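Peer 1: One-letter residues, chain by chain:
2 protein chains.
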Amino acid sequence: MKPTKTAETRTATLAEIAREAGVSAPTVSKVLNGRADVAPSTRSRVEELLRAHGYRRRRAEATRSPLIDLVFHELESAWAMEVIRGVENVARDAGLSVVLSESAGRLTPGRTWADQVAARRPHGVVLVLSGLDESQRALLTSRSIPFVVMDPAGDPGTDVPSIGATNWQGGLAATRHLVELGHTRIGALSGPSRMMCSRARVDGYRAALETAGLPVDPSLIVTGDFHHEAGYRLGLKLLRREDRPTAVFAGNDLQALGLYEAARELGLRIPEDLSVVGFDDLPVARWVGPPLTTVRQPLTEMAEAAARLVLDLGREEESPVATRVELATSLVVRSSTAPPAA
Amino acid sequence: MKPTKTAETRTATLAEIAREAGVSAPTVSKVLNGRADVAPSTRSRVEELLRAHGYRRRRAEATRSPLIDLVFHELESAWAMEVIRGVENVARDAGLSVVLSESAGRLTPGRTWADQVAARRPHGVVLVLSGLDESQRALLTSRSIPFVVMDPAGDPGTDVPSIGATNWQGGLAATRHLVELGHTRIGALSGPSRMMCSRARVDGYRAALETAGLPVDPSLIVTGDFHHEAGYRLGLKLLRREDRPTAVFAGNDLQALGLYEAARELGLRIPEDLSVVGFDDLPVARWVGPPLTTVRQPLTEMAEAAARLVLDLGREEESPVATRVELATSLVVRSSTAPPAA
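Chains as they are written, first to last, in the numbering used here: chain S, 1056 to 1397; chain H, 1056 to 1397.
Next up, chain S with everything else stripped away, as it sits in the complex (with noise of 0.2 angstroms):
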């Protein structure tokens, strides 16, 4: 038999957050059902106290709908496919579906995507390269809906719960491959800078030349975003000096393609004249010409743990303390990668 809850975890009632905000108590109830009738400066005052008293519907178990919230930064690439077939594995064994949104470019969904989200009382949400605000937090956390970030942009705070990847060791990994090799000029693109993971990999790529000896020359460090076209931009910009790298660590897998697109255009062999590395293994890595060396993020595994730790939070009655969880990447040598030409 499980423990009956001690006074200690007692929250404020429905009724005590009424008389504290000056309203009903059906206008609070309100409030917690997501509905519209509610003046906004009332909305946010309860939501205010409903926050700073910790307030935790009850029996949220019971009034949950059978789904989980995927949100996504962007919902581009065949990066997104491997993220989704995670959280599908786990939500069809627990039976659940999933609900895909987008936040359309900007780090936070907007907040109709959190009304929607409380009216319709998932088991949990989870966000890929997405935040909350502090709104949008107290919002769910007051309807008991549990949320895990995996490969957090910003930095998610240490009470979020998230999944990433080890990052730093990655770009670690790819650059010592190079520098093993016997390159002693190598660029590295970079993902955007207000992306964690992208100032991890670029960090490790640093730490892998200082450790080796080598001098980091800031002006073969270039970023731009995540895509295709910044890889070519970039990679032109690169490969077009008098000096040019003989090696490019890329910030993931689809700047790497660019920069092929960009080598073949000066008439550069890869990987006899440029050799090249990428990030993350999508299914592509392995198809294209010469197949790429790339750093292994084991995307499905980290969107299926994601999965599993929401679901595990909506199960808990108290919060655990699991905050942070990164998933080992490793380094899958392919044939884009050889020593510099003498």
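What the hints contain is simulated information worked out from the structure, not anything from laboratory work.
Owing to the predicted nature of the structure, the values given are computational and were not obtained by experimental measurement.
Quick reminder that beta carbons are idealized off the backbone N, C-alpha and C, glycines included.
Honestly, I wouldn't trust all of these hints.
Derived, one-sided and incomplete: chain S residues facing chain H with beta-carbon distance under 8 angstroms [as the list claims (entries may be wrong)]:
no.	residue
1	L1130
2	S1132
3	A1133
4	A1135
5	I1139
6	R1140
7	S1156
8	V1343
Rough simulated footprint, nothing fancy, chain S against chain H, three-plus residues with beta-carbon under 8 angstroms [claimed, not checked]:
no.	region
9	1127-1136
10	1139-1146
11	1314-1321
12	1342-1353
To list a few chain H residues with every Cβ distance to chain S over 10 angstroms, as calculated [unchecked claim]:
no.	residue
13	S1079
14	L1087
15	D1092
16	R1098
17	L1195
18	V1215
19	G1237
20	R1240
21	P1270
22	V1271
23	L1294
24	D1298
25	T1378
26	L1386
Since the structure of chain S is already known, use the hints to place chain H on it.
Peer 2: Chain H alone, transformed into the frame defined by chain S:
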């Protein structure tokens, strides 16, 4: 002003159906509401009568969840991502969220799925390369949940609204392009023959050969699934022949990429030794080396059309006549095709 409904369109009432089924009206109501506490035999008898009478729940609008269901045969590859994006675009504009399911390789989603859909009452269901069996159709119809099939695997029947692409014309255009380059020995990789789209593409290929006065060699047509692995395996089979084809029309882009790998392995250069045409025009087609000549299928636009159609169906009082819409395919010539070596 819209005219008032006439007596002709009146359907059986719940009480009439209950009487005919020999059960109480509340039992019919339970079946309609997807409740579990009804014996399977009773449920199927009632469903049968609901279907026979063309029963449609009144005022369905009011009780719908702000959701649209999207069901895939399998969630694989960037192909699915293009489709998801199209449905998301339409859903976002309509203030709806998308529930994503996978029928896990089976061509009709499971019974549990249909019950879940009936219980959550979405605005509509878009099925991708996936069909519904009779009882599932009856279940959705009885709840006035409209559905549309996108790119059907089988023959969806003339009464099921569906959105497709001009697969036959695509196969014709791809093969004509190869014939015009001077190829006379052209192979074809086909997708699964149970999928109508595969058959239509290969039939277009045959028609191009026949109208050009070229023989159709059945041994040059090989069949497998739509994945990279199949393209590689079937590609090796075709290319290892003494009398290997000088050009191959692949069933889709992923098969074409598998064929690229087979050619690389055998030391055949594309397009010098082998011309390749794909189908779909996924983003990756532009990124591979050499960039792939392929038949563009407007997947995102098709998905948008399917989502809009299903929402239109939900708004209308009568089923519209629209049964099958095919969006045009178009040949995109890149660098994987050239005249055969002399």
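Peer 1: Run every hint past the structure and note whether it holds.
Peer 2: Okay, the hints, checked on the actual structure:
Taking 8 angstroms as the C-beta contact cut-off toward chain H, the hint placing S:L1130 at the interface holds, the least distance being around 6 angstroms. Taking 8 angstroms as the C-beta contact cut-off toward chain H, the hint placing S:S1132 at the interface holds, the least distance being around 7 angstroms. For the restraint placing S:A1133 at the interface with chain H, the shortest Cβ-Cβ distance is roughly 5 angstroms, inside the 8 angstroms limit, so the hint holds. Look at S:A1135: its Cβ gets to within about 6 angstroms of chain H, closer than 8 angstroms, so that hint holds up.
Among the interface hints, the one on S:I1139 holds; its C-beta lies about 6 angstroms from the nearest C-beta in chain H, closer than the 8 angstroms criterion. About 6 angstroms separates the beta-carbon of S:R1140 from the nearest beta-carbon of chain H, less than 8 angstroms, and the hint is met. Annotation: S:S1156 was flagged as interfacial toward chain H, and the flag holds, the nearest CB pair being 6 angstroms apart, inside 8 angstroms. The interface hint given for S:V1343 holds, since its Cβ lies 6 angstroms from the closest Cβ of chain H, which is under the 8 angstroms cut-off.
As drawn, the region 1127-1136 of chain H meets chain S at 6 residues by the rule of a beta-carbon pair under 8 angstroms; at three or more, the given contact holds. For the region 1139-1146 of chain H, the stated coverage by chain S holds: 3 residues have a C-beta nearer than 8 angstroms to a C-beta of that chain, and at least 3 were required. Coverage of the region 1314-1321 of chain H by chain S holds [criterion: at least 3 residues with CB-CB distance below 8 angstroms; count 3]. As drawn, the region 1342-1353 of chain H meets chain S at 3 residues by the rule of a beta-carbon pair under 8 angstroms; at three or more, the given contact holds.
Under the 10 angstroms C-beta cut-off, the non-interface status given to H:S1079 relative to chain S holds; the minimum distance is some 27 angstroms. Non-interface call for H:L1087 relative to chain S: holds, since the shortest CB-CB distance, roughly 19 angstroms, exceeds 10 angstroms. Every CB of chain S lies more than 10 angstroms from the CB of H:D1092, the least distance being 17 angstroms, so the non-interface label holds. The claim that H:R1098 is not at the interface with chain S holds, since no C-beta of that chain comes within 10 angstroms of its own (minimum 19 angstroms).
Chain S leaves H:L1195 outside its interface by the beta-carbon criterion, the shortest separation being 15 angstroms against a cut-off of 10 angstroms. With a least CB separation of 23 angstroms from chain S, H:V1215 remains clear of the 10 angstroms interface cut-off, as annotated. Its beta-carbon lying about 25 angstroms from the closest one in chain S, H:G1237 satisfies the requirement of being farther than 10 angstroms from that chain. Remark: the non-interface label on H:R1240 is consistent with the geometry, its nearest Cβ contact in chain S lying 24 angstroms away (cut-off 10 angstroms).
Once the 10 angstroms rule is applied to beta carbons, H:P1270 is consistent with being away from chain S; the minimum gap is 32 angstroms. Distance check for H:V1271 against chain S: the nearest CB is about 30 angstroms away, which clears 10 angstroms, and the non-interface claim stands. Against chain S, the non-interface label of H:L1294 holds: every CB pair exceeds 10 angstroms, the least being about 16 angstroms. Under the 10 angstroms C-beta cut-off, the non-interface status given to H:D1298 relative to chain S holds; the minimum distance is some 26 angstroms.
Consistency note on H:T1378: stated as away from chain S, and its beta-carbon is indeed over 10 angstroms from all of that chain's, at 28 angstroms minimum. The non-interface label for H:L1386 is consistent with chain S: the shortest C-beta to C-beta separation is roughly 22 angstroms, beyond 10 angstroms.
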